[in-house]
Amino acid sequence: MSDILHLLEQEMQASIVDINQEKDSAVTINDVRIWFFETEKLIRTTSNLSLDTTAQQAVNQLRYAAHHILKEDNKEANIIEAYKHCKRAYYDTLDLFILTLNDKFQTALVYVEDTQKRINITKKLKVILVEIQSARFNNESRIGYYDVIQKHLLNGLALLEDLSLAVSVSAEAQKLREQVMMLKDENLKLRGCEEKLENEINKSTQTEGAMITKWSFWFAVIAVMVTAVSILFQGSLTDYWRDPITKIEHSLNLEKTPTHPIGKK
436 MSDILHLLEQ
446 EMQASIVDIN
456 QEKDSAVTIN
466 DVRIWFFETE
476 KLIRTTSNLS
486 LDTTAQQAVN
496 QLRYAAHHIL
506 KEDNKEANII
516 EAYKHCKRAY
526 YDTLDLFILT
536 LNDKFQTALV
546 YVEDTQKRIN
556 ITKKLKVILV
566 EIQSARFNNE
576 SRIGYYDVIQ
586 KHLLNGLALL
596 EDLSLAVSVS
606 AEAQKLREQV
616 MMLKDENLKL
626 RGCEEKLENE
636 INKSTQTEGA
646 MITKWSFWFA
656 VIAVMVTAVS
666 ILFQGSLTDY
676 WRDPITKIEH
686 SLNLEKTPTH
696 PIGKK
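First residue of the sequence shown: 436, per my numbering; consecutive thereafter.
Derived by calculation from the structure, the hints in this document are not laboratory data.
Heads up, some of the hints might be wrong.
Think about it this way: if two alpha-carbon atoms lie no more than 35 Å apart in a straight line, the pair counts; the simulated DSBU-like pairs of lysine-lysine are [unchecked claim]:
1. K539 - K510
2. K510 - K476
3. K558 - K476
4. K506 - K476
5. K506 - K539
6. K561 - K586
7. K638 - K561
8. K519 - K458
9. K561 - K476
10. K539 - K552
A quick note: this is a predicted structure, and the numbers were derived from the prediction, not measured.
Whenever a hint applies, use it, and build me the whole structure from the sequences.
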């Protein structure tokens with residue numbers, strides 16, 4: 436956009452007052468040519484940079500001007516009419532630019548998040564609109580009024596560029612915030628999944644722990660019983676090996692015959 440503004444600044448007439456002819460009789464085909472191309476340049480530039488719709492009324496005025504230029508009869512009268520249509524097209528384009536400028540700023544400023552930037556743009560816009568409004572009442576001629584508008588045209592277009600940039604920055608910031616919120620939501624979902632997994636792991640661990648405790652208990656009981664039996668069994672075997680005959684007699688319910696000492700009855 437800055438390149439287009441720079442080109443317009445270089446090619447645009449410094450003042451439309453300088454190319455204006457107060458007397459219709461002094462108008463030449465060269466005057467018509469200058470106004471025609473200046474108007475076409477203005478329509479094309481403002482339409483590309485600031486307006487959402489084509490300046491249809493101004494385009495129609497240029498078409499009427501071309502119609503008069505191409506007429507062969509009454510050449511001088513047609514040149515004058517073409518000249519008037521070109522100026523009318525130029526004025527209509529500037530009027531449309533001023534109307535659109537205010538509406539466009541009112542619509543777009545709400546999307547600028549940077550408060551200081553929004554204040555600065557509003558102040559600059561106010562200066563432009565106030566000076567144009569003042570020119571409307573203070574200039575005695577129409578050409579003088581539109582000359583003031585033309586001088587603010589580049590400032591207004593440059594301000595629109597600043598506004599577009601500020602809106603773009605705000606849009607990018609909003610997009611980043613939305614992405615951050617999405618990441619936060621995903622993070623919360625992951626935390627929920629993590630907690631769910633931890634709960635399942637804890638529940639599984641508790642179940643396995645309970646089973647291990649249960650089996651450990653029964654294993655301990657069995658171990659105690661086996662140990663007790665082993666001890667008893669071991670004690671019995673010990674007595675058995677100490678006096679096996681007695682144990683056998685006892686188990687067979689045999690009474691031992693008294694044994695007398697040799698030589699005694």
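- Query: Regarding the pair K558 and K476, is the alpha-carbon distance no greater than 35 Å?
  - Reply: holds, 29 Å
- K506 and K476: Cα distance at most 35 Å? holds, 24 Å
- Message: Please verify whether K638 and K561 have alpha carbons no more than 35 Å apart.
- Response: This hinted pair is violated, its Cα atoms lying about 69 Å apart.
- Item | Satisfaction of hint between K510 and K539, Cα-Cα up to 35 Å | violated, 43 Å
- Message: Given the hinted pair K561 and K476, is their Cα-Cα distance within 35 Å?
- Response: Since the Cα atoms of K561 and K476 sit roughly 26 Å apart, the hinted pair holds (cutoff 35 Å).
- K539 and K552: Cα distance at most 35 Å? With a Cα-Cα distance of about 16 Å, the restraint between K539 and K552 holds, given a limit of 35 Å.
- Task: Verify the proposed pairing of K506 with K539, using a straight-line Cα cut of 35 Å.
- Result: Roughly 40 Å separates the two Cα atoms, so the pair is violated.
- Query: Is K510 close enough to K476, meaning Cα to Cα at most 35 Å?
  - Reply: holds, 26 Å
- Query: Quick one, are K519 and K458 close enough, alpha carbons at most 35 Å?
  - Reply: holds, 12 Å
- Is K561 close enough to K586, meaning Cα to Cα at most 35 Å? holds, 15 Å
Checked against the numbered hints above, the structure violates hints 1, 5, 7; every other hint is satisfied.
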